[in-house]
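Undergrad: In case you want the letters, here they are:
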Amino acid sequence: MNIIIPMKRVPDTAIQVNVKDGRVALEEVETWVINPYDEYAIEEALRLIERLGEGKITIVTIGPEAAQETIRKALAMGAHEAYHLLDDAFEHLDALGRARVLAAAIEKIGEYDLIWPGFKGVDYDEGQTGVMLAEFLGLPHVSTAITVEEIEDGHAVAKIEAEGGYQHVRVPLPAVITQTQGPNEPRYPTLRGIMGAKKKPLTVWNADDLGLDPDELEPVVELLHVERPPARKAGRILEGEPAEVARELVRILHEEAKVI
Amino acid sequence: MADLALVVAEQQDGKLKKITYEMLTAARQVADELDTEVGVIVLGDGLDADALAADLGARGADVVFVGDDPALGSYAAEAYSTVIQRLVEDEEPTLVLFGMTPMGRDLAPCVAAKVNGGLASDITGLRVEDGELVITRPIFSGQAIATVRVKRPPVLATVRPNTWSAAQPAGDDEADVETLDVDDLPENAVHVLSVEAKESERPELTEASIIVAGGRGLQGPENFHLIEELADLLGAAVGTTRAVVDAGWRPYEEQVGQTGKTVSPQLYIAIGISGAIQHVSGMRTSRYIVAINKDPEAPIFKIADYGIVGDLFKVVPELIQAVKEYKAANQ
Amino acid sequence: MISFTLTEEQRALRELAREFAQKEIAPRAAELDREGRHPAEIIQKAWEIGLMNLTVPEAYGGGGLGVFEECLVAEEFAAACAGVTTTVMANSLALTPIVLAGTHEQKEAFLSPFCAAPNLASFCLTEPQAGSDVAGMRTTYRREGDEYVINGTKQWITNAGESALYVVFATKDPQLRHKGISAFIVPADTPGLSFGKKEDKMGHRASTTRSVIFDEVRVPAFNRLGEEGDGWMIAMRTLDKSRPGIAAMAVGIARAALQASLEYSQQRAQFGQPIANFQAIQFMLADMAIGVETARYQTWRAAWLVDQGKYSRYASSIAKCYATDVAMRVTTDAVQVFGGYGYSKEYPVEKYMRDAKLMQIYEGTNQIQRLVIARALLKGEADGT
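Residue numbers (the numbering used here), protein chains in the order written: chain E, 1 to 260; chain U, 1 to 331; chain F, 1 to 385.
These aren't lab readings, by the way, just hints derived from the structure by calculation. Even glycine gets a Cβ: it sits at the ideal position worked out from N, Cα and C. Certain hints may be false.
Claimed, not checked - Covered by chain E, per the in silico footprint, the following chain F stretches (three or more residues, Cβ under 8 Å):
id : stretch
1  : 14-23
2  : 40-53
What the hints assert, rightly or not - Simulated pairs of lysine-lysine, DSSO-like, Cα-Cα distance not exceeding 30 Å:
id : chain 1 : residue 1 : chain 2 : residue 2
3  : U       : K261      : U       : K18
4  : U       : K261      : F       : K23
5  : U       : K302      : E       : K20
6  : F       : K23       : E       : K200
7  : E       : K258      : U       : K314
8  : E       : K108      : U       : K114
9  : F       : K310      : F       : K107
10 : F       : K357      : F       : K45
11 : E       : K20       : E       : K233
12 : U       : K261      : E       : K233
13 : U       : K327      : E       : K258
Please take these sequences and the hints and turn them into a complete structure.
TA: The following block contains the structure:
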């Protein structure tokens with residue numbers, strides 16, 4: 001079972017990002033983490049191969065030099081091998097570009113049964129790359145899986161989030177399955193994992209290695225500028241006994257805000 | 001010939017969903033400046049094209065593209081994206097809107113890859129500047145707002161629910177009907193084996209117009225009946241925070257915030273929620289925010305329109321009582 | 001040559017410790033403190049991911065790391081809860097005598113099974129009448145054939161009653177002072193071993209502290225560490241190694257207090273503006289930061305010296321004494337920054353202050369540390385480099 005996890009590093013979700021000069025001040029971000037949905041995918045993938053008794057997890061990450069630390073964390077958690085896609089031309093990709101770069105890398109890796117990214121990055125909140133990747137690789141896809149329940153006869157059975165509940169779906173492999181929050185908290189890397197991560201293979205590929213022409217990677221979706229969200233207007237604190245303020249709130253919501 | 005703004009409708013049992021009308025409003029708002037018609041594509045099985053044309057026409061659509069086939073009976077990425085790809089290639093629309101819904105978020109990138117088009121996700125603003133579409137969308141879970149441009153048509157976008165008002169029927173204009181080619185649709189590789197419906201009768205979190213959310217201040221899962229009772233009285237969805245989900249008090253489906261759902265209801269009532277950035281970024285675009293917390297310094301009060309500083313175990317029961325009285329008086 | 005750059009592994013270890021501390025320890029700290037509860041579930045998890053017994057050699061199931069790495073972890077843990085950290089670090093203190101003085105056979109017999117499960121250990125040195133005056137201990141041993149028989153009472157023993165192993169120092173004859181002391185390993189299930197009531201402490205309330213009573217406790221001669229009479233040397237060398245870890249804990253507590261003050265002072269408004277705008281508050285914050293940073297440097301240096309084998313009692317006493325004094329001052333100031341709220345248990349800073357106090361007392365009071373430092377100075381043994 002060869003599982004490839006396209007993984008992204010994102011600013012720590014507990015920290016508010018700053019906006020400066022019309023863009024997100026990413027240079028101020030001190031802590032970068034594995035994109036939480038990718039981390040859930042890693043956890044579910046580790047559990048899947050533990051259940052199957054065999055399998056290999058390969059991490060593929062587009063990112064700057066510093067992304068290596070995040071990649072090592074995934075290896076410390078238990079992934080077996082990693083590819084770091086590093087090139088100036090990969091710095092300002094849109095989702096189409098990212099999917100193209102990932103598709104080229106995955107085709108070059110060659111052996112895969114399951115491609116299992118998070119359903120979106122919690123940075124730009126697009127949620128496009130996984131599905132586009134499936135299209136570029138000519139693979140079927142399943143979106144927002146909670147987990148992969150079974151592998152049988154060359155198919156995967158996944159439990160997915162669907163409108164009004166869940167679905168259990170069956171998809172022939174190879175396929176792309178995107179992960180939403182899973183039932184299991186992602187594991188901590190172990191001390192042994194951290195010490196062993198440096199010995200695991202980590203290959204760096206640039207645009208040339210992937211046979212990609214930087215011109216083809218020009219973003220179609222162009223980020224013009226970024227601003228802070230409009231400040232919410234100063235609120236009103238209702239004072240008084242609980243019974244009074246409760247009645248006053250209901251009155252305001254009905255008469256002034258007209259929302260009930 | 002780029003003279004069409006296209007809305008990809010969502011329907012269930014032939015009935016159009018609210019998001020379709022919201023997208024119609026968004027498309028209509030830019031169509032005049034762009035000098036385009038507004039078209040709606042409806043895919044399904046056994047659709048009533050005339051009824052759709054009447055309904056959508058009255059709400060401002062010029063043309064309805066109907067794709068009717070058993071293969072389109074329920075959403076399937078391959079078949080749906082193929083029909084839309086054909087239409088996009090034939091009509092070369094300026095703009096194609098999808099809902100930021102379970103269907104739209106899956107379908108839109110699929111179409112974008114097929115037509116090699118630029119897709120802006122989860123948009124909350126759409127305007128025309130110098131004849132060009134300019135899009136705004138929250139990024140970093142709403143911690144920042146990005147303005148983006150798609151450099152070449154078609155401009156593809158998924159539209160955040162509850163952001164535009166739903167187009168209302170006005171007059172009795174009927175939209176033209178065009179029947180789409182649904183031959184040779186690819187078979188879907190993904191098969192649904194079974195469906196688990198959610199037990200709750202409450203509305204979907206992302207679609208609810210009112211959300212009642214409880215945080216760690218509730219002190220334990222046993223106290224969430226307060227949240228549920230208030231939510232049910234208001235016809236609201238129940239939301240919660242990551243801390244609560246991590247503690248195992250409530251299911252992940254109810255989590256609002258950066259690693260949960262992003263919501264923008266008309267009214268968000270945050271109870272016992274301090275307002276960590278993780279959470280706030282998922283709900284700050286709500287129209288009205290009410291906060292109930294005993295800590296006057298809680299950051300949630302900085303974004304709340306109405307705040308009550310007090311013990312939620314005293315305030316919420318009173319609030320439930322007050323809503324009951326209000327409902328009794330207004331029946 | 002000097003470098004403050006952590007290796008990739010050290011950074012990853014610190015990151016892991018920080019994530020673990022913030023997710024698993026910090027959310028439970030207030031409750032553990034309030035209820036004085038032993039954090040068994042945290043110990044279990046920390047053990048699962050390999051954050052226990054860091055300095056025990058890998059060959060015996062430990063982490064195989066140095067005191068420096070242990071300091072990185074101790075700071076992160078203590079920034080979340082000092083009591084939990086004391087529980088964890090007590091293992092290091094108790095196992096170091098075995099690591100230092102044990103034979104290969106003893107290590108295999110005791111360390112390997114110990115590290116293979118989420119076990120705790122206790123270092124039994126202090127007595128009701130012998131605190132700083134270690135050599136005044138009254139717990140005795142006598143040899144009977146192939147066994148030793150131990151009698152006496154040890155006081156303020158961390159993890160007592162929860163531990164699997166007790167490393168005990170006892171004397172052949174109190175008159176012999178230092179020269180009479182030997183060290184023994186006593187498994188928890190040894191007959192005659194019993195415990196006093198759980199102490200109701202001011203701080204570090206998540207750690208369990210009891211007296212340990214030895215009533216005709218018999219252990220095989222195999223359980224003796226080193227030779228008879230080596231006990232004093234073993235105890236002192238163990239404490240020498242543990243001091244940087246204590247200093248690192250103090251840095252963690254102080255850092256948490258500074259962080260809380262920094263956040264609070266920017267939120268709390270008085271006279272129409274955040275109190276962080278006032279110089280009186282700014283100066284306190286600056287002094288806190290000066291303390292935290294300098295304490296960390298001395299701690300790292302002391303730890304590094306231990307790991308280089310260039311062990312300096314002078315440097316590590318300075319680290320322990322300075323960092324713990326800093327923690328006391330910084331946490332006291334943090335309560336001041338919070339004002340009335342700081343004195344309330346609703347906010348975390350009064351706990352930091354209570355926790356900091358113990359740091360100045362245990363593992364050698366700061367008065368004893370100063371004696372050690374002064375003696376080194378006067379004897380020309382101030383081997384700081």
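Undergrad: Given as covered by chain E, does the stretch 14-23 of chain F meet the bar of three residues or more with CB within less than 8 Å?
TA: Since three or more residues must qualify, the claim that chain E covers the stretch 14-23 of chain F holds, with 4 doing so at under 8 Å.
Undergrad: Would you check the hint for U:K261 and U:K18, treating anything up to 30 Å between C-alpha atoms as holding?
TA: This hinted pair holds, its Cα atoms lying about 19 Å apart.
Undergrad: With a cut-off of 30 Å on the C-alpha distance, tell me whether F:K310 and F:K107 pass.
TA: holds, 24 Å
Undergrad: For U:K261 and E:K233, compute the direct alpha-carbon distance and say whether it is at most 30 Å.
TA: holds, 24 Å
Undergrad: Is the Cα-Cα distance between E:K108 and U:K114 30 Å or less?
TA: holds, 22 Å
Undergrad: Between the alpha carbons of U:K261 and F:K23, is the straight-line distance 30 Å or under?
TA: Holds - the C-alpha atoms of F:K23 and U:K261 are around 21 Å apart, at most 30 Å.
Undergrad: Check the hint pairing F:K23 with E:K200 against an upper bound of 30 Å on the C-alpha distance.
TA: holds, 28 Å
Undergrad: Between E:K20 and E:K233, is the straight-line Cα distance small enough, at 30 Å or below?
TA: holds, 22 Å
Undergrad: Has the given pair, E:K258 with U:K314, been kept, meaning a C-alpha gap of at most 30 Å?
TA: holds, 25 Å
Undergrad: For the pair we were handed, F:K357 and F:K45, check the Cα-Cα distance against 30 Å.
TA: The given pair, whose Cα atoms are some 28 Å apart, holds under the 30 Å limit.
Undergrad: Run the distance test for U:K302 versus E:K20: straight-line Cα separation, threshold 30 Å.
TA: holds, 22 Å
Undergrad: How does the coverage statement for the stretch 40-53 of chain F fare against chain E, requiring three or more residues with Cβ below 8 Å from a Cβ of that chain?
TA: holds (count 4)
Comparing the model with each numbered hint stated earlier shows that all of them hold.
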